[in-house]
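Going down the list, the protein sequences come from chains A and B. Read in order, the letters of the first sequence correspond to residues 1 to 416 in the numbering used here. Read in order, the letters of the second sequence correspond to residues 1001 to 1486 in the numbering used here.
Read the hints as simulated data drawn from the structure, not as lab findings. The C-beta atom is built at its ideal place from N, Cα and C for all residues, glycine as well. Any given hint could be a false lead.
Claimed, not checked - The list that follows gives simulated cross-link-like pairs (lysine-lysine, DSS-like), each with its CA atoms no further than 30 Å apart:
# : chain 1 : residue 1 : chain 2 : residue 2
1 : B       : 1388      : A       : 93
2 : A       : 247       : B       : 1464
3 : A       : 103       : B       : 1395
What the hints assert, rightly or not - Not the full set, but computed from the structure, chain A residues with beta-carbon under 7 Å of chain B:
#  : residue
4  : 102
5  : 127
6  : 130
7  : 132
8  : 139
9  : 152
10 : 156
11 : 203
12 : 289
13 : 381
Claimed, not checked - Among chain A residues calculated to face chain B with C-beta under 8 Å, some are:
#  : residue
14 : 30
15 : 120
16 : 146
17 : 155
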Amino acid sequence: MSNQDVDVAVIGGGPAGLAAAVSAKEHGAKHVVILDRNSWLGGILPQCIHDGFGVEETGESMTGPEYAEKYISMAQQQNIGVMNETMVLHFDKKREIIAVNKKGIHKIKAKTIVLAMGCREKTRWSAMIPGDRPSGIFTAGVAQSFINLYNIMPGKNVVILGSGDVGLIIARRLKFEGANVLGVIEILPYASGLPRNVVQCLDDYDIPLFLNHTVTSIEGRERLERIAIAQVNKNMNPISGTERQIKCDTLLLSLGLIPENELLKNADIKIDEITGGPVVDQNLETTLGGVFACGNCLQVYDTVDMLSIDAKRAGKNAAKYNKSKKLKTSIKLIAGKGVRYVVPQKIDVAGTVHITLRSEKPQEKSILWIIENDKIILRKKLRFVNPANMVKLVIEIPPEVVKSGHKLEVIIDDKR
Amino acid sequence: MKNFHVAIIGGGVIGSSIAWELSKYKLDVVVFEMGSDVASGASKANSGVVHSGINSPPSSLKARYCVEGNKILQSLADNLGFPLKWIGKYVIAKNEEEIKELERLKKVGIENCVPGLKIKNGAEVTEPNISCFAALWVPTAGIVSPYKFTMAFAENAAENDVKFLLETKVTNLIKHKDCFILKTNKGEYQSLLVVNAAGLNCREIISMVEKPDFNVYPCRGEYLVLDKKHSSLINSMIYPVPPKELGVLGVHITPTIGGNILLGPSAEFIDDTENKKTTREMMKTLIIEGRKIIPAISDRAVINAYSGIRCKLASPEEGGWSDYRIEESKQVSGLISLLGIESPGLTGAPAIAKDVVRMISQSIELKFKDNFKFAKIKRKRFSEMSVKERSDFIKKDERWGRIVCRCEQITEKEVIDALSNPLGAKTLSSVKYRCRAGMGRCQGGFCTQHIIRIIKKQFNMDVKNIKLRSPDSNLFFGRTREVRNE
């Protein structure tokens, strides 16, 4: 077993890990190392060959591989260590990481750790879709990797379940490759991907979007032959009599993403049940001191731009981490009415706090409130909120609020 | 046309264990399996339970084979290298009334010579998440991985020169004076004896030579697989007292060899022997039934669902229970049929196989091979190794250091070992069932692309020919340009 000591160990070399590592280095960390399971850096980006990455962050629109390349070359210039094809098996409360690669088992003692493990796709069984178990059922990301990284066609007559961004983008991509995309099925009354993707990927190519629908059955004993879809009621249950068959050979699932945080179990880091990511404070530090989290393992982001901006903060804070400064008291930030979740979940230092949150449902005109008991900390008009669009806020938290120990509740309401 | 002494139709646990038992002798044996791998039917989709013998009436074949099989399983596991754990089972009584059932089961068990049975009161039950009035503790119940169990027999039989013909369906069987002609989708074969171990298709095979005197009543059982992170919910198997009808054991909760928890099976008589669909209703029912035993079970824990089909010889009207039939045809000599081998068939298989060989020895003189070999050393799994072992293995072969399946921590070496199986099975599922790659919570989200890459390289295969599980379950349509230009 090899041993090494590092200042910042970044677990995951996707966009979040890269941005965090680069930022940690820029903020004074001497020895930064990225541990990644793939043989490449950039995570999912190399298979995202469509355009639109980097607009919010840099003003320039890039493809996924181009965006990744930008950060990879920065990491190289800064002499950030990279351990590829390396899987972290375990890390503990003392921030000792055990990882494996073809050279053997490695023990890495890190002053701080940045978690950037990303996420995985929900499967057919997360949605409990009954029926046969034929070939021809893929998650959208897996299908995307086959088409874009390996030039392999997973299907000809394709239905997509779930209107997340990956599903919308793969619909257009399949069309480019000559497949028939028979429709995108969405259980909610609205698309779950970004509105711009609905227009650019479906509307522009006449791909129908079936809202308030779900797949009720899968048929085909060898390869997929047909599926049944049905309209759903308010409780998301299929309405009898609305069922119809669609002949297809492929069903792609874009049902959402789940943060990958199995590693956190050993280190006893607290997880937020709603985000699926670790509970963090305003510095993106988890409940284990010196361990920070960013990217899709913290919360599933809409765009890589927003993800990178936050990841840089995690990297910076990891570089500047100083155990002694840590205060014991903290206040909770909780999701109230109309809000699905808020990150960070706690605040222990007064001052500028970056907040990200998602609304429960789409609303035309609404007001966002942050309330301590009955005291209004913030009141902000929001023009249009949509669960697909993350809301970002920067607020000032006065010292007396932190001292009070009261929880802060975030609410989205049409009036108050 | 190749001549065989014995042709076995069906590569399930019965066919495979008979093949293994025969592989000890100087015989030419062939197994016809219509699926792309052995254990493609009921042998794959069941609870993986090693039964003790408390559920079958004394003097039934079911009881006899179950108890005999249970006794010889440990030595087989040692010699063939399949995992086996004696975790025991509790049959729980929810109220005073049900204790009578426990007493009945205990009495049956004692008559069947099942050792160690004990009725415990609720407080004595060593399962923190189970609350019950009382429970029957069955220490001699265990678990195996049903497909690994079947594969262990089949692969060792193949190593000892039994021929396995996958994706080969017997389409007709013709009895000549002193041999059989077996017509298949891959040509004709000749054999002195035929063993009909075709499971649900046993009647179809018999119909090729004579009028069957029985019916098959397929009874579907659905299962849910729970994420490993819930594995600490139970230590042993938890069964309810058996329902009065249908001749089944009821929805139970079973730890699996792989570390998951299994919930099921349902019991539903269906018309079609191939209808292995899972249904919305049953999935819901299983969760409800599971919660009656462990209230903490959540549908969010489900990572997979499947169903298997029991081969029953009794209709629901007749109560669903009947004994096995293991017999040589009276009209067509040389045809040995195994009919209605449902639970506890997995446990009983090795004992059944010994009996079938005894029957065969009445027609053919059996001589032991000099060069019969047990399975090579038990295959190591990276996830079960110590740090030292891991380092040593990686030093010897760096492929031990490349994790392909993240959720289950399966290395490239293990995937390649799985693909090097002596049966020649090369589907995505044949990898999955041998080394667990793709069986974790992401269900292949990360590893599928890597396994496909490895399969393609290992066999220099066109991607169009890579299959998921069965002969026509191709995964891809070819290269992108090819498809577009068609």
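So, going through the hints one by one against the coordinates:
no. : hint            : verdict
1   : B:1388 to A:93  : 22 Å, holds
2   : A:247 to B:1464 : 21 Å, holds
3   : A:103 to B:1395 : 7 Å, holds
4   : 102             : 4 Å, holds
5   : 127             : 10 Å, violated
6   : 130             : 5 Å, holds
7   : 132             : 5 Å, holds
8   : 139             : 6 Å, holds
9   : 152             : 5 Å, holds
10  : 156             : 6 Å, holds
11  : 203             : 23 Å, violated
12  : 289             : 25 Å, violated
13  : 381             : 36 Å, violated
14  : 30              : 28 Å, violated
15  : 120             : 4 Å, holds
16  : 146             : 7 Å, holds
17  : 155             : 7 Å, holds
In this structure, the earlier hints numbered 5, 11, 12, 13 and 14 are contradicted, and the remaining ones agree with it.
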